[in-house]
Each structure stands twice: as C-alpha cells, then as structure tokens.
Amino acid sequence: MTALIDLPAEEPALQAPKSKKKTGGSLGKYLAIRFVLIFPTIFILVTMVFFLMRLTGDPITAALGGRLPADQLAIRIHEAGYDRPLFIQYFEYLGQIATGNFGRTISDNLLISDMLATYGSATLELAINSLVVALLIGIPLGMLAAYKRDKWQDAIARVLAIAFYATPVFFAGLILKLIFSIWLGWFPVAGRGTTSTEIFMAQLESPSGIYWLDALRSGNMNAFWDVVQHSILPATALGLLTAGIFLRLVRTNMIGTLSRDYVEAGRSRGVSEFRLITKHAYKPALIPIITVMGLQIALLLGGAVLTETTFEWKGLGFQLAQYLTARDFVAVQGIVVLLAVIVAVTNFIVDVIAALIDPRVRY
Amino acid sequence: MESKKSLFSRLPVISQLKKSMGLQRGMLVTGIVLTLIFLLTAALAPLIAPFGPTQRFDETQAAPSSVHLWGTTAGGYDVLSRTIWGAQTAVFVIVIAVALSIFIGVILGLLSGYLGGWLDRILVVVADAIYAFPTLLLAMVMSIALTQGSSDMWAGIFAAAISITVVFIPQYFRVIRAETIRLKAEPFVESAIVVGASTVRIMARHIFKNATRTLPLIFTLNASEAILTLAGLGFLGFGIEPSSAAEWGYDLNHAQSDATAGIWWTGVFPGAAIVMTVLGLTLLGESMNDLNDPRLRGRKKTKKNAAKKQEELVEA
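Protein chains in written order, with the numbering used here: chain A, 709 to 1071; chain B, 13 to 328.
Some clues are possibly wrong.
Simulated crosslink set (SDA-like; lysine to any residue; CA at most 20 Å straight-line) [what the hints assert, rightly or not]:
no. : chain 1 : residue 1 : chain 2 : residue 2
1   : A       : Lys991    : A       : Phe895
2   : A       : Lys859    : B       : Gly38
3   : A       : Lys1022   : A       : Phe895
4   : A       : Lys991    : A       : Lys859
5   : A       : Lys1022   : B       : His266
6   : A       : Lys859    : B       : Val41
7   : A       : Lys856    : B       : Gln36
8   : A       : Lys859    : B       : Gln36
9   : A       : Lys737    : B       : Arg133
Hints in this document: simulated from the structure, not taken from any laboratory.
Sequences are here, hints too, so could you generate the full structure?
Right under this line is the structure:
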C-alpha cells in the first residue's frame, strides 16, 4: 500500500540500469524472465502461508476443542494427518497443488475450486464496481487539479485525495451507512441482494456470479435494480480509496504533459481548452497511469477484505477472515494461492505493457 | 545513534517550513499540528482521559452526556476515554513496528546490496513477493500465527507490531539496497577498500551513514500506513483484545452493528481519530517530500557528502 508516494517521472529510467545487467537486450528475453519470476512469487507466498498457518494450531481443535475430550481430539487429528512431520505435509501439499488438486475446505467441505469461483466472482464484482467509481471520481478531478495547478481547485483536489487515503474503508462504510441507509433510507445496509434476489440468482443456469450481469442477461429488471442498490455503498467506500490514488496519478502525469510544446502549439492554433485537456494532454499521460493502476491491484484486494466485512459482501475477503478464524488451512491456502496468482500475473502484464511502450525499460 | 536520528528528523521539518509558502506551507503546518496533537494525546492519555481504557460502566450505548461526553459503547466502555487511550496504543505499535522493520530492513538491505551474489538474488525475490502481496492479508495471517490465546496488552501490541513489521521490511530493504548499490561504486568506498578497511567496517560506517538519509521520510509515510494496517487488523478481529487495551479498529468493528441501529457516537469518534492521525502524518510526510526539491537537495547533499568524505578519508 505504498500507493501514496508519487512516482517520479524518471522511474523507468532508474530501473533501466538494473535490468540491463540482468537481461542484456531483447524484448523476448526480458519478458521470458519476467514470466518465469511469476512462479517464485507464488511459491514463496504459498510456503510462508503454509508454515504460518501450521503455527496457528489445527482446525479440529479450533472447531471442537473443549467439546471433546483430549484423547478423542488426538484421534481425530491423527486421522486427518495433522500430527505428521510438517515437512511431509508440506511436500504433500506442494504435490497436490502441482496436480491442480487443492482439496476441500475443512470447515464447510466445499471443493476449493468451487469455493474460489463462488466467492471470487463476488470479489470481482465489487472490484469492478469500485473501479468504475474510482475512475469516475479520480480522473476528472485529477485533470482539473492539473489544469488549475496551485489554484484553489488544485488545493481542494489534493486535500481530498489525501483525505480519501486517510479514511479506512470500514470507517467510510460506516459513515455511508449512517447517512444513506439509516438517516436517508436510500440504500440497504449490507449484503449483495435481498433474499428473493439471492434465491433468484441461485436458480440461474450457468451464472457468471456477477450479479448485475446475471440479472441483465436473464432480463429480471427488479433483481437488477435491487443488485444496483446493494452495490452502490460498498463500491463507493472502496472506490473512494482508489479514487484518491488515481487523482494524484492523473494530476502528476498531466502536469508533465500540459507543459509540453505541442499543447502550447494546439492552444495557439485555437484548439479549445477542454479539448486540449481531454485529448492532447490526457492521452499521452495515460501510459504511466495504466501501469501504476495495474500495481494498485494489491491495494484493491486488501481494501476488498475490509469492504466485504463492513458490508457483509460474501466474497473472498469476507470468507478469508472466516476461514482464518476457523484455522481452516486448506481454504486459507487456496485463497492465498489465487490472490498470489492474481497479483503476480497482474504485475507481469504491467511489466509487459511497460516494456512494449517504453523501450528504456527492457534494455 | 538515537539522539542523532531525532536531531536529523527534526531539522528537516524546520528547514522545510522555512522553504515552504502558500498552500504547501498550509499543508505542512496542518500536518505538524495534527501529528503533535496525536503525539501529545498519546503521551498525556493518563492525564486527559476521564476513565481508564478498559473501565466498564453500567450504562451501555448511552448517548453523549455530561458524564460520558462521547457516550458509551455496547460493552459499557466510555468512548472518549477509549479514543484517547487508542492514541497511545497506536504510538506503541507504530514505534515498535517501524523500529523493527527499519532495523531488519536496513541490515538485510546493506548485506544484500553490498555483498550481492546469490544472497542478494534470493532476498530480492522474497522481498518482491512479500511487497507485491496485499499487506493486510499477510498481516492477518501473521497475527493469527502470533496471537494464540495471548490476551494481555503488551502481547497484543507486539503481535500487531510484528505482523506489520513483516510487510514493511521489504520497503526498507528495497530503498537501502538500491542506495547501497549506488554507493558501492562511489570513490570514497573504493578508496576505503584500497586502504584496507574491513567489509563490516565499510558497511557499518561508510555505506550505512550515507544510505539511511531518506529514512525519516519513509518513516513518516510508513507510520500512517502502520496505523491503517493496525486499524484494519483490529477491525477484522485479528488485533489487540478490547479488554486489554483500547484500539480504534476494534472499536469500529463493534460500531458497525451500532450504526445499523442508528447509534453513531461509538463509531464516528474513533474513526475520526484514525482519519485525523493518518491525515496529519501523511500531510507531514508528503509536504516534506514535495519540498525537497531534487535539485536543491542534491546541491546540499554534495556539500555534506564532500565534508563527510573528507572526514572519512581522514579517519580511514
């Protein structure tokens, strides 16, 4: 979450000498190395979480401790194989992962792949919604701040950006709930839909898991409206956090492009100020913006955990907290593997985009 | 070492205050004021707070009144006192977490950057993996591994601090490693090698002193992140137990259900405390960052560097 430090413009140039030593030239080789680096990232995180989780105790004691006598507890632990040496369990788990078998959750006996698909789509929906909010707020405000640099509009936008960052999503969620659900009564307090919508969603054939998409596809406008109402507050709470970062990114990069000669040239040819900002200065500024946005995925995932808990949005983050409390290692490891893959692959894609756009990076 | 560091971190604030003007000065001053309020509240908590952090009352969820200025929670805690004591908990956790991560991060960064080789490669890959992963999620797993059944205040504070440390180490590691690699090629290091200084001496004296210049800045920015992580952990129930110390995040967790019933005072005050503290620290760190005009800083540094270099050459 180091999102707040403005990336200086010379960042790619700074990285250049570092990667120069490693790769030695061609784009293909650079990308191949970046791709191979995905695997140690995942492997390290899986290993860390495996051993950390084993330190926490075992799921059987967490679930039944106190209700069963110690000897029966020991028998159950033995049956599940949790009393074997750690390294044997570790290599067994690595072997399972390598064959794509992640096992079943201990606490509610779901296939890990099913669990990830069900809750992952909920998190994906939240992430998409909040990204829309963040872009709608962050980009126009960032443009305004850059254009009115050092004027009061800029001051307000920058203070807003820091305030968005300084507000934890659960506090933003609490305030939003108090104002819009309790006092104004506009939106529901929590959940992804009313009970009838949830039932409707469960009956759909081959659902995508993204509620508003499913509702639109089935043509059930009542359900769609209900889902939208439930989505607005969580998306705003999480979106504001990211909006602050987008605002600063757009501002910093647009200040750079706005001072370019071609913008001045456009102005002298009578191009409207609005067009200058939205076309001439904004488009070239997009490249660094996209790469840094990609790196915000970790922040978004971290924020999603808090948002989901605040709004009882049954996604990966909400479940992760539940599974951690139940010491369900299999489930926690499954979620961590998925998140590690998402983060590593996103970083790889960002690297690829950066290398394709900016030749300095890959030398 | 200690006194030097505090002097070092205090001086920049003053010099930047002189450099600043207009909006930037406003932001810097706001940052300084908010941070001072936070630190003073933490230090003077026993004097200001009307009640103890874990003192319970019979009136639960009572609205703000003359006895309980900010009302009471469902657990019968006084909101005002909990919020004040929460500042103290936050300071403890920040100091421990940031000190530990600087300590470990700097050592690893120096070793990795100076020695290079396979150690460097492994450390870089591990640090990158941890750095890329959502900090809060890793801190959650860490804290649950650390706090099994421990419930007293210091155990909770240490568990939270160590969980935050693990995710912060890579940040310091990266900065120090990059600086070390840059400094390794500087003439004063090469001359030290020629003169026959040992590897440990070069790392400890020549590189360490020069590589740690940017740390006060990262410290300020990280302190605000540490507060957010601590509050996030507390909110999810993986932080400090409410019966052992006051912690803003945990109080906000309980306030969620109060909010549904329209009880606003249990959540708004600790939440506002988090926002004000993070805002203050961020404004402070940010304005210092902005005011350090790279060209201006560069010139200053070379002067200092030159003086240092001379000293070191004489010493060596």
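Cross-check of the supplied hints:
Among the hinted pairs, A:Lys991 with A:Phe895 is inconsistent with the structure: their alpha-carbon atoms are about 36 Å apart, more than 20 Å. At roughly 13 Å between alpha-carbon atoms, A:Lys859 and B:Gly38 fall within 20 Å of each other, so this suggested pair holds. Simply put, A:Lys1022 and A:Phe895 have alpha-carbon atoms about 18 Å apart, close enough for the 20 Å limit, and the pair holds. Distance restraint check for A:Lys991 and A:Lys859: the Cα-Cα separation of roughly 23 Å exceeds the 20 Å cut-off, and the hinted pair is therefore not satisfied.
As the CA atoms of A:Lys1022 and B:His266 are separated by approximately 19 Å, the hinted pair is consistent with the 20 Å bound. Proposed proximity of A:Lys859 and B:Val41 is supported: the alpha carbons are some 19 Å apart, at most 20 Å. For the hint linking A:Lys856 to B:Gln36, the alpha-carbon distance of about 15 Å falls within 20 Å, and the restraint holds. For the hint pairing A:Lys859 with B:Gln36, the CA-to-CA distance comes to about 12 Å; that is within 20 Å, so the pair holds.
At most 20 Å may separate the alpha-carbon atoms for a hinted pair to count; A:Lys737 and B:Arg133 meet this at roughly 18 Å.
Of the numbered hints stated above, those contradicted by the structure are hints 1 and 4, listed in ascending order.
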